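We have chain A; now place chain B onto it with these hints.
2 protein chains.
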Amino acid sequence: MRAARSNIVRKLVTKAVMERNLIEEGDRILIAASGGKDSTVMAWALSGIRPAIKKTYELAALHISSDFCACCKKSALERRLIEWGVSFTDVSVPIIGRLKPGRTMNCYWCSTQRRTELLKYALERGFNKIALGHHLDDIIETFFMNMTAKGELSAMPILLKYQKYPVSIIRPLGLVEEQQIIACAEEEGILKTSCTCPFGMNSNRRAVRKRIADFTGNSAAVKRRILQAVDAAGLLTEERAARPGP
Amino acid sequence: MRAARSNIVRKLVTKAVMERNLIEEGDRILIAASGGKDSTVMAWALSGIRPAIKKTYELAALHISSDFCACCKKSALERRLIEWGVSFTDVSVPIIGRLKPGRTMNCYWCSTQRRTELLKYALERGFNKIALGHHLDDIIETFFMNMTAKGELSAMPILLKYQKYPVSIIRPLGLVEEQQIIACAEEEGILKTSCTCPFGMNSNRRAVRKRIADFTGNSAAVKRRILQAVDAAGLLTEERAARPGP
Chain A
26 MRAARSNIVR
36 KLVTKAVMER
46 NLIEEGDRIL
56 IAASGGKDST
66 VMAWALSGIR
76 PAIKKTYELA
86 ALHISSDFCA
96 CCKKSALERR
106 LIEWGVSFTD
116 VSVPIIGRLK
126 PGRTMNCYWC
136 STQRRTELLK
146 YALERGFNKI
156 ALGHHLDDII
166 ETFFMNMTAK
176 GELSAMPILL
186 KYQKYPVSII
196 RPLGLVEEQQ
206 IIACAEEEGI
216 LKTSCTCPFG
226 MNSNRRAVRK
236 RIADFTGNSA
246 AVKRRILQAV
256 DAAGLLTEER
266 AARPGP
Chain B
26 MRAARSNIVR
36 KLVTKAVMER
46 NLIEEGDRIL
56 IAASGGKDST
66 VMAWALSGIR
76 PAIKKTYELA
86 ALHISSDFCA
96 CCKKSALERR
106 LIEWGVSFTD
116 VSVPIIGRLK
126 PGRTMNCYWC
136 STQRRTELLK
146 YALERGFNKI
156 ALGHHLDDII
166 ETFFMNMTAK
176 GELSAMPILL
186 KYQKYPVSII
196 RPLGLVEEQQ
206 IIACAEEEGI
216 LKTSCTCPFG
226 MNSNRRAVRK
236 RIADFTGNSA
246 AVKRRILQAV
256 DAAGLLTEER
266 AARPGP
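Protein chains in written order, with the working numbering: chain A, 26 to 271; chain B, 26 to 271.
Hints are computed from structural coordinates only; laboratory data are not their basis.
As the structure is a computational prediction, the values presented were derived from the model and not from experiment.
Accuracy of the hints is not assured; some may be wrong.
Which copy? The list can't say, so a pair holds if one copy fits it or any two copies do.
[Claimed, not checked] List of simulated lysine to any residue pairs, SDA-like, C-alpha gap at most 20 Å:
no.	residue 1	residue 2
1	Lys-175	Arg-231
2	Lys-175	Arg-249
3	Lys-235	Val-247
4	Lys-175	Gly-259
5	Lys-175	Arg-250
6	Lys-99	Lys-217
7	Lys-40	Ser-72
8	Lys-145	Asp-115
Just chain A, same shape as in the assembly (with noise of 0.2 Å):
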């Protein structure tokens, strides 16, 4: 009964992962790994899933460490990973000291930075795959901001491949929503070890969350129909023609 919430994310990752052929033999998965509970439980569930998936593939996990956060829980993180057969690396980037002078910090800028090191150290060490943390409310609400601020119906690829460049983007937790997430973090220890980033989540996006929430009653069956919805529009996988924007 226990690990019955730790088995949900596995089956659903491990469905994410088979579908949309997420990992291929002798991947090179460098996974994001914020300290967050979302990128740890990705980084378990990676793991965890080997025996189904039934492919040879590295899990190196790479941390950032901004100059506004000192994660006290790193070292515990790291104990984890290496638990799970992911090796660990962690990076100092100063996120504030590169704003402009007069600029202040925020979500946008900070992401862009990470991001930016993300595929620097993937091109580097020769990764070909980048594994992010986002999940399916994530993914809706990306989904709902890009249609109600810039017009457009977009989300975030669950598998975003590109023709000129080595290193494609993967979000294997795609499938699974937040409180699954929450629920198997639980149940595997993992909240313990996770941290939350200080500055707190953007209103805008806080907000629609709310309106989301409110709009979907948080009904789990009609987010799945939305993801569906999105996924046969096929915004759920992509290929584009450029290199990675921020």
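Below, chain B alone, put in the same frame as chain A:
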């Protein structure tokens, strides 16, 4: 000042017609005239934009009288339509009478029966376009309903052509918000001649309408960005192979 609100509707209908080529030289357009505010305002607008469109086209309205609605305002509707240069025909259809034994009346059945009659009438009399009075809010509503109930991204197109069928469907009010139609109907004295369905609105649609209003905060800007997104994804102009469904 008085005609300002009517002008907005006329401008948005002109924009839809011009940008999407809804009306072509020599078109014979059959207006689905339910007797409600939307289709009546549409008839008024399609007539009023003649000088801007600079094309020759015929406008005829078909009203379908059912066996459950004795619309007392029909003669007033006919008077207004004729005043606008739109011919009027009334056809009686036993919507309830056609129900199979044991079936109860519902919106889907009624609209199916009406649509069938419209298409039959258009084909028999050589009309090449059918104009339906759906507005921006209807389109967004259908988009959200299809997304959350069917799991697909689709909407009601503003222009729908068939490869092997001589009748196209147009929705000239597609860029107009419902509240703009109401304001125009008030200004033009149309509300007095329009009626509403005695069965009232489908409860599912009413619930969705409420949730969408909460989600968009009834912001015209947000609703227009959603429409823009739906349009950019190609969902407002369609060409289908098969003949129209019910």
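Evaluated hints:
1. When the C-alpha separation of Lys-175 and Arg-231 is checked against a cutoff of 20 Å, the pair qualifies only within one copy, where the shortest distance is 17 Å, while the shortest distance between copies is 27 Å.
2. Within a single copy, Lys-175 and Arg-249 get their C-alpha atoms only as close as 23 Å, which misses the 20 Å cut-off; across copies the closest is 11 Å, which meets it.
3. In this assembly of identical chains, the alpha carbons of Lys-235 and Val-247 lie at most 20 Å apart whether taken from the same copy (15 Å) or from different copies (16 Å).
4. For the homomeric pair Lys-175 and Gly-259, the shortest alpha-carbon distances inside one copy (19 Å) and between copies (16 Å) are both at most 20 Å.
5. Taking the shortest Cα distances, Lys-175 and Arg-250 sit within 20 Å of each other only across copies (7 Å), while inside one copy they are farther apart (22 Å).
6. In this assembly of identical chains, Lys-99 and Lys-217 lie within 20 Å of each other by CA distance solely inside one copy; the values are 11 Å within and 71 Å between copies.
7. In this homomeric assembly, Lys-40 and Ser-72 come within 20 Å of each other (Cα to Cα) only inside a single copy, at 15 Å, whereas the closest approach across copies is 56 Å.
8. When the C-alpha separation of Lys-145 and Asp-115 is checked against a cutoff of 20 Å, the pair qualifies only within one copy, where the shortest distance is 14 Å, while the shortest distance between copies is 71 Å.
The structure fails none of the hints (numbered hints given earlier).
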